[in-house]
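Could you put together the complete structure from these sequences and hints?
Chains as they are written, first to last, in my numbering: chain A, 3 to 356; chain B, 3 to 356.
There could be a bad hint or two in this list.
If several chains are the same, the list does not tell them apart, and a pair holds so long as it fits within one copy or across any two.
Stated by the list, open to error - In silico DSS-like pairs for lysine-lysine, Cα to Cα no more than 25 angstroms straight-line:
#	residue 1	residue 2
1	K230	K286
2	K286	K182
3	K187	K73
4	K82	K187
5	K73	K186
6	K324	K82
7	K324	K286
8	K122	K82
9	K324	K230
10	K230	K187
What the hints contain is simulated information worked out from the structure, not anything from laboratory work. As the structure is a computational prediction, the values presented were derived from the model and not from experiment.
2 protein chains.
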Amino acid sequence: MNETARVQPIEWLGDRVRILDQTLLPGRIEYIDTGDYRVVADAIRRLCVRGAPAIGVAGAYGAALGALALKNGDSDTFLKEFNSILGFLASTRPTAVNLSWALSRVEAAARRPRTIPEIKEAVVAEAQAIQRHEEEATDRLSRYGADLIGDGFTVLTHCNAGSLATCGCGTALGVIKAAKAQGKKLHVFATETRPLLQGARLTAWELVQERIPVTLITDSMAGHFLSKGTIDAVVVGADRVAANGDVANKIGTYSIAVLAGENGVPFYVAAPLSTIDLAINSGKDIPIEERNHAEVTHIAGVRLAAEGVEVANPAFDVTPAKHVSAIITERGVVRPPYSPRLERLFGPELETKA
Amino acid sequence: MNETARVQPIEWLGDRVRILDQTLLPGRIEYIDTGDYRVVADAIRRLCVRGAPAIGVAGAYGAALGALALKNGDSDTFLKEFNSILGFLASTRPTAVNLSWALSRVEAAARRPRTIPEIKEAVVAEAQAIQRHEEEATDRLSRYGADLIGDGFTVLTHCNAGSLATCGCGTALGVIKAAKAQGKKLHVFATETRPLLQGARLTAWELVQERIPVTLITDSMAGHFLSKGTIDAVVVGADRVAANGDVANKIGTYSIAVLAGENGVPFYVAAPLSTIDLAINSGKDIPIEERNHAEVTHIAGVRLAAEGVEVANPAFDVTPAKHVSAIITERGVVRPPYSPRLERLFGPELETKA
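Pasting the structure below:
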């Protein structure tokens, strides 16, 4: 078993949760070990845990810790306080829908039992079920996606959509790992992903561990290598997919999608159903998180930008569905038109990939 | 007179040259004061002086220092040694054609006089003439370009094509400053320009000094803001323009050009004639410099990328002419078809902008 398989982004320890502090990677491997849901919320906000599926799992465990800490009084008071904790956890990050998806699941689980000890047990069990569900979903979508990756392909990815982002094998990186497991020889180009360098720090680290050759580039080089014919396919993850197939993902994804299309390179989005938000018709309605400006002006704690500048720091952008060649899910690969095809995925499961 | 106008990237001091060390900006203002052409070559290679027109001027002064240091022996030996110095200076950076353009000019100047003291004098005079020529050319092209910028425009620029890059008022930033001088209210979006952050360090600094509002973004955000309708025009400089209008410029320029076109935003290249290379038919033939990989893996001396990755670091890319709305020169604004219109610029000057 390799290093990344051993390093788990989130682990449930019975009455505490252990979160790998990804802000310190790859230099240091340190964990946040806590029984306090407020510490979990802070870890989500500070990106100690990040990536849409992992944020959902972390949120669910935060909710479990919140439930465990509440008094065993009457259940109305309990549920009122529990819902306030869910609201607090939901407010940490707005764009990835997995967080509200996971919190809705634990909220529903809390409404079923009668006694408070049973509610607590149900919430913990639901959080664990969410983690298992996400692990299985990414495994399955990775195998579907692997069929899109040819032997000898050079695959471009952006940000980190790997084990560290998903608890499982990853979405975009899961597809790449599954293609390698099919015996295909691959090379990955990873954008560094400014401002927080998840590509340079996390994706590069995961792929080195997996012994998949990886070339690190700045975000500004993606178009150049797409135009040179270096890249055979692009695979990225997603933070939220609207019903019409518009994709919110790490800032810079939209640019890569347009540049892939311009150069005839397929652009794939790997996203479990937990990332697809049928309640949102188009990408225009997806809230885009604006983060701290120091993420842009400072690197490694050093101010590099000139004093006196204004700064914009949207953490995500929206890629219109017309630029997306296919969306890879745990129920198969969906091609345009995404509406109503994405909606149909949520019906009874018709087939599973062995 | 403002700060950037006072801070000169290159100054000739009679028997020495003074080069502002731009690698230390905006934190520290320090100069390299030298009479040794090898120190000038090193300053060009390390990007203490950068920007196509400024590299040409620095190269010419390097040649002047080289000539002054040679013995007053026979002129055949002198010219042989002088040509070897020119070759050494030319080898420092391959992409910007201004360097070889300037060195050809001093080489031609050295061939005209008879005595070695006269040759030395002619070389120094030619280097000074090149600097004056570049200052005037950027002033003139800036006034032509300003007419393309509407009142209230938000202009996106990439890298630094300002005073620091040109000795004059700048090419891309010259256009913006001239539009402001026409009384137009402007806002600039500046990409930080990884890996070496010329946008965050230099462009932001110049514009803050000029009191032009500037918003700093990562390179990956340019597409997002183009798609949101935030940007009215893109203006960039160039390192070499081929006869067909293909443009080599800082890595990331191609991506911005494609994204501008996708969103119906005009994409302008501001380049003096010294940057246009009629000897090169298309961008495919422009040599692209590959720089040190530590520029990508390290920031401010700290390694941020995971160990074990491969790295690509092309310093420039080529934007095909079809993505360029116009090329702004000191002899007017050229629109497609660039061939033969660029070639015609090199004829006798027909008109000048007051």
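Evaluated hints:
no.: 1; hint: K230 x K286; verdict: between (32 angstroms within a copy, 10 angstroms between copies)
no.: 2; hint: K286 x K182; verdict: neither (36 angstroms within a copy, 34 angstroms between copies)
no.: 3; hint: K187 x K73; verdict: neither (56 angstroms within a copy, 61 angstroms between copies)
no.: 4; hint: K82 x K187; verdict: neither (54 angstroms within a copy, 53 angstroms between copies)
no.: 5; hint: K73 x K186; verdict: neither (54 angstroms within a copy, 64 angstroms between copies)
no.: 6; hint: K324 x K82; verdict: neither (43 angstroms within a copy, 61 angstroms between copies)
no.: 7; hint: K324 x K286; verdict: within (14 angstroms within a copy, 30 angstroms between copies)
no.: 8; hint: K122 x K82; verdict: within (14 angstroms within a copy, 88 angstroms between copies)
no.: 9; hint: K324 x K230; verdict: both (23 angstroms within a copy, 16 angstroms between copies)
no.: 10; hint: K230 x K187; verdict: within (20 angstroms within a copy, 39 angstroms between copies)
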